[in-house]
Amino acid sequence: MNHSLDEVAGRAAVAPLASRRESAAVRAWPAWLFAALVLGAAGYAFSPRSIPPFPPSVLHTDRLLVTGLARSGSRILATAELGHILVADRPHGPWREARVEPERGSTLTRIAFVGPRLALAVGQDSWILRSTDDGQSWREVHFDPARSEPLLGVAGPYDGKLYAFGSFGQMLVSSDEGQTWTEAPLDILPVAGTPPAKPQPADADNPFAAFSANSGGNDLAGRHLYAMTRAADGALWLVGERGLLLRSDDGGARWQAQPTIYQGSFYGVLALPDRTLVVFGMRGHAYYSRDLGKSWRESEVPVPDSLFGGAVDARGRPILVGDDNSVLRSDDGGAHFFLAAQAAHHGLVAGLAAVLPLPDGEALTAGDEGIAVRKLADPSAALVATPTGAQP
Amino acid sequence: MRPIERVVDRISGFLIGRRHPLALLFALVTAFFAWSATRVALDPGFLKLIPVRHPYMRTMMDYLKDFSGANTILVNLRWTGPGDIYNKEFMTALQKATDDVFFIPGIDRTHVSSLFTPDTWYIEITEDGFKGEPVVPARFTATPEELARVRHNVGLSGQIGLIVANDQKAALIRANLQEVDTGDPAKAEVFYRRVMTRLADIRGHFESPKKYVYTLTRDVGPFKAGTQPVEGYTDYGWMRRFQTFYVPPPGGGAAVAIPGSALKVKAEPNPDYNPHLEVNIIGFAQLLADVIDGLVGVFAFFLLAFVVTAVLLYAYTRSLRITAVALVVALLPVLWLIGLLPLIGFGIDPMSILVPFLIFSIGVSHAVQMTNAWRMEVCAGASSIEAARRAFCKLFIPGSVALLTNALGFAVIMLIDIPIVHELGITACLGVLLMIVTNKMILPILLTHLRLEDRSRRFATRPESRLRAALWRAVARCAEPRCALYAFGVCLVLLAGTTFLSRGLVIGDSGTGAPELRPDSRYNRDDRAIASSYNIGTDVLSVIAEAKNFQGDSCLHYPVVHLIDQFDLFLRGVAGVHSVTSVAGIGRLVISAFNEGNPRWRALPRTEDGLSVGSRAFDPQLGLNTESCRAIQTLIFTDNHEGATIAHVVAEIKRFIATHPVEGVTLRLASGNVGVMAATNEAVGAAEDKMLLAIFGALALLCLITFRSVTAVFCVIVPLTMVSIFCNALMASLGIGLKVATLPVVALGVGVGVDYGIYLFERIQHEMRDRGLTFAEAFHEAMRQRGSAAVFTAVTMAIGVGTWTLSALKYQADMGLLLSFMFLVNMLGAICLLPALGAWFYRPRAGEGPAPVAAAAQ
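Chains as they are written, first to last, in the numbering used here: chain Y, 90 to 481; chain D, 474 to 1331.
Accuracy of the hints is not assured; some may be wrong.
Quick list of simulated restraints, FRET-style, between CB atoms [as the list claims (entries may be wrong)]:
{"#": "1", "chain 1": "D", "residue 1": "A1173", "chain 2": "Y", "residue 2": "R188", "range": "46 to 52 Å"}
{"#": "2", "chain 1": "D", "residue 1": "D708", "chain 2": "Y", "residue 2": "L128", "range": "44 to 50 Å"}
{"#": "3", "chain 1": "D", "residue 1": "P1093", "chain 2": "Y", "residue 2": "L128", "range": "20 to 26 Å"}
{"#": "4", "chain 1": "D", "residue 1": "P722", "chain 2": "Y", "residue 2": "D151", "range": "45 to 51 Å"}
{"#": "5", "chain 1": "D", "residue 1": "P555", "chain 2": "Y", "residue 2": "Q345", "range": "57 to 63 Å"}
{"#": "6", "chain 1": "Y", "residue 1": "A433", "chain 2": "D", "residue 2": "V963", "range": "54 to 60 Å"}
{"#": "7", "chain 1": "Y", "residue 1": "D467", "chain 2": "D", "residue 2": "P591", "range": "41 to 47 Å"}
Treat the hints as calculated values from the structure; they're not laboratory data. Cβ coordinates follow ideal geometry from the N, Cα and C atoms, glycine included.
Bound conformation, chain Y alone:
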C-alpha cells in the first residue's frame, strides 16, 4: 500500500510509461523553466558579494611626516618618513613616489637640488641618496647603519664641494657631485678669549645631560649640525645645537666659532639677497645680521614656537615655519616676523619642517601633517598667535 504520488500517477496513465513521462516532462516545460530561472537567480543572488571598490592604499601626502622640500624649475621633491621620496610637477600635486634603490626604510631629513637634474637627499643612518634624473629615481651613495645617526642637512655646491652634516658634528664632503663622500671632522677654533664651555650639570630631567657629559669641556665639535649656507662674501655659515654658530672662510677646512648669541639650538640659516643673514631656532628665536655676521640683533617673532625650516621667496623675504603649523614671514629683512598662516592640527604634534615659497602669496609647507599649500596673510592681516595652536 506504500505508493508514492508518482506511482499512483504512473498507474493512472494509459499510455506506455516511458513515453508518457517524456512527453509530460516536455509538456510541463514552463514550470521547469521557471523553476530553473528561480534557482539560477538564487545562485546569483546569494553568491559571494564583492565589497564596493575603495581607493587603493597609497601614501597620503597629508598623513605622513615630510621633512624636506626642494624645487628645480617646475619639479618639486619631498623627503618623507621611512625613506619615501615624493615627486610632483605642480605644488598641488598629484604626488607620486620616486624609485629608491635600495629601500632601506630610514627616514629622510632633507633634500636639495645641487645641479641641473641632480639632487641629493640625506637621512637617518647617514644615508645619502643621489638622483640624476630630476628626482625620478635614486641610488644610494652612502649608508652607515652601524653608527645609526642621522644626517640633518645637505648644502652646496660651494666651490665644487657638497656638504652633508648632522648629529654629533658629523660632516661628510663630496667633490664629485655627490658620488663619493668622505668624512671631514670639524676643525673648530673656539671664540677668542672665552673659557671652554662648562659641562652641563648631570640632571635627570635634562635629556641633553647624557650627550654633554660625554663630550666634556669643549663640546662644540659634538653638537648636532642643522643647516649651512653661504653668505654674500663667500663665507660658509653652519648652525646647530645649543646656539652653535660657525663661520668658515676657507671652504670648511677650518671653522671659527662665533660668540654665543643664544643658548638654544639654531635650526636654520638664510642668506637674503640684500646680504642680510638670518638664523633661527628654538621657541621663536631668530636673529639677523646686516653686516655679514659681525653683529646680530634679535628678530621680533610673535609666537614661541620652535622654527625648523625656512626659505627666501622670490622677493627676497624670509619665510620661517615651525611648531603648531606656524608660518612666519618678514617683510623687513628679518627684523620683524608676523604670523602668516597657522592651521589646525589633528595629532599630538604638528611641526612644520620645511617650506617652499610659491607665487601669489602662497607657500608649500611640509611637516608632521604632510604637504600642504598654505595661503599666506599680509602683514596687515597677520594672525593673532594662539598659545596652544590647536583650533577647531
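For this one, chain Y is given, so just place chain D on it according to the hints.
Relative to chain Y, chain D alone:
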C-alpha cells in the same frame, strides 16, 4: 491505509483514550515549568556577542588581560554654559566624574584617563631640556591662576582632540571594563547591573536636580534598618521595588544585594547638579543598559500582539472558547520554554528574548489549523471527541513536518558561530519541539472537552459570502495553466528586479553609531556628540604584534619596531582609516622630544642604544604593549564601522601582513570593537551560504520524504527561494545589513514559511490521490479546507512580529519588519505560485479524466 497513517491512527486512539491521565500529566509538567520559569535570569554579557572561535577573537581573548579589548567606557562631560571648560564648576565636576568612573565595579583602574589622572602629562621643551608634569597640578583647587595653568598645559599636552574636545567645551574620561564572572549568567547579570547603575548615577550626578537617599526599612545582611546604605541620582519611580541595589559591606568583601522593596526613598536637592553640564556616556555597558531598557518595550509588544491575535481569532472563529483554547495552547510552549531555560543553564539575552514571541506566533498558527479542522468536523456532525481525533489524524503529519521544518530553520541558525546566536537557535529549536507536544497532543485533548458555541457553528456553516467565493475562485485560477503563465511572468519580472537589488546587500552595518539602537536614541546622540567633538573616533581596530623570542625588550630591536613603523605608515594610507596609534609613532615622538621636539628627529634609530632613548614609549602603562614588548598592539581608528569599510581595512591589513614577513614577529588580527565587528561579519558571511544550503537542502529532503515526489519538492521550494531573494532585496534597499540579528531572519522565514506550502500540498496530494481530482480541483478543495486558516495565520503572525517594528531597538525593528515580510509573502507564494507550478507539473491531457499527476517526476 498507509502504515504511517495506521501509526497516527493508533496514537490518536491512545491520546483520546488516555486523555484524562495525560491531561493530569501535562498539567503537572506545566506547573513544574511555571515554577522553574520564575528562576530565569537575564544573561547579557559582552563575550556572548562575539564569535569566540574566530581567529580574531582568539587573539583578543589571548590578550584580554593585557589590552583593553573592546569593552571601553567613554564618559564625556560637556559644558553648555558660557566660555570653555576652564572654570571652577566644570573642573570640579570633571574631578568628581573621574572619581565616579574610578569606582565603577570591574573598571581597570590603571587605565582610567582624564585630565585628572596622573597619566595625562604635558611636555614643555625649553633651552635647558624639557620638563614634563601632569596637566592638572597636584592639590588643584581651581584658583584662577591654576585654571590658566591648566589651559596652558592642555595646549602643550597635545590632548586637544583626544581627551579635551576640539572646541575646548568638553572633556572625556576613558576607562576599560574588565568582565569578570564570564560564563555564569547569574553573576554576569549582577556585574552588569551594578555597572549600569553606576553609569546611570554618573549621568544623574550632574544632570539630575535631585538626589535620592534610600533608608532601610528592615535589616538586610550587615545593614541595619534605619541606616542609609545607598544614595543615587536615578529616579526609578514605581520600578524601585523591582530594583536591586548592590552595596559593598563596610568591612569589605562581596557586595550585598539589597532589594528595592526593603528601602524607602527620600529625594533631596542634588548639590552637584548644574544646568550647564551635559553628560554623554558610550561604551558596551551603556549600550547594554539602553538595550535592556529597550527590551522593557518587548513586553508591551507581546501584550499588543496577544490582544491583536485574540481579536483576530475571535473574528475568525466567532467562538470565545476556541479563541481561549488556541491562546492558552499557544502560550503553553512559551511557558514550558522559559521554565526549561534555567534547567539547561541558559538565561534570557537581548536576542533570545524574541524567541517567545516567535513561538507564540507559530503556536497560534498551528492551533488555528487544528481548531479549524476540529470545527469543520464538528459542523459536519461529529462529536467533540471524534472531531478531535479526526483533526489530530488529519493534521498530525503535516503539522509535525511543519514544526520539524521550523525546528530545522532554527537549528541551522546555529551554523553562525556566535554564542548568542547558538543560544537563540537552541532556545527556538526547543520551543518548536515542545510545540509538537503542546499543539499536537494537549490541544486535541482540550478540544475533546470543548463544545462549540451555536453562534460559531452557524458562522462556520453559513453559505460562503459572494466576495469570499469570488476571492477563492480567483486564487484557484492560479492553478489553471494559462493563468499560471501570467503568474510566472509577473514573478519573473519581480525576480529580475529583486535579484539585481539583492546584490547590493552588505554584510555588517550600513549606518553609523550603535546599530542595535535607533539613530535618534540617546546613546547614538551621545555617540555622535563625542565623535564630532574629538579627533579620535569611537571605532577602533587593534592589531597585535607578537614578538616573543627576542632578547630583552622586543621594542629595542629595530626589526620589530621598524615593522610597526611601516605598518603605521601603511595604514595611514588605507582608505577608511582615520588615524593610527602605535608604539612606533609614540617612540618617534619621544625620541624627537629628547631632541628638542625637532620633526627631523622623529625616526627610530637602528641601534638598541638609540632606541632606548624612546623607551618611555614602550612603557606597558601606556597600554600599547605588554612587559618587554612580548606583544604590541597597534590601534587603528576607522572612519566608521560600515561592513564594507571594515572588510576593506582588514583585507589591506592582511595584504600588508603577507608582504612584510619579519622573523620572530607575528601580526595578529584583531581586537577592539571594529575587530569584533570584523570577526562577526566574517562569521556571518561564512555562515550565510552554509545556512541557506542547509535549510533548503533539509527542507527539500523533508518534503521529498513526506510527498515522495520531486515535482512536489519544486512546488514547495521554488516559491520559498524566490521570497528569500525578495527578502535580500528588501534588506538591501532599506539599508539593513546582513548581521547577527538579520541573518537568522531568512532561515526563520523559510522555516516558518514552508508551513503553508506543506499544509496545502499535503491536502492537494490527498485529494488527488484519494478522490481522483484534477490538480486545479484539488487545489480549490485544499484552499477551501486550509486556505483561510493559512491566510489567517500568516496575517496574525505577521502582525505579531510586525509589532516589533515599533521597538526602540533597531535590530528588533529590522527583524520584525523582515520576518513579517517573509511570513506574508511566503503565504502569497504558497497560494499563488505553488498552484501555478502545480498547474504545469500536473497538467491534465486534453480530454482525459484523471490527471497524470506528477508524471514529470525525476
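**Prompt:** If you check each hint against the structure, which ones fail?
**Reply:** Checked against the structure, the hints that fail are numbers 1, 2, 3 and 4, while the rest are satisfied.
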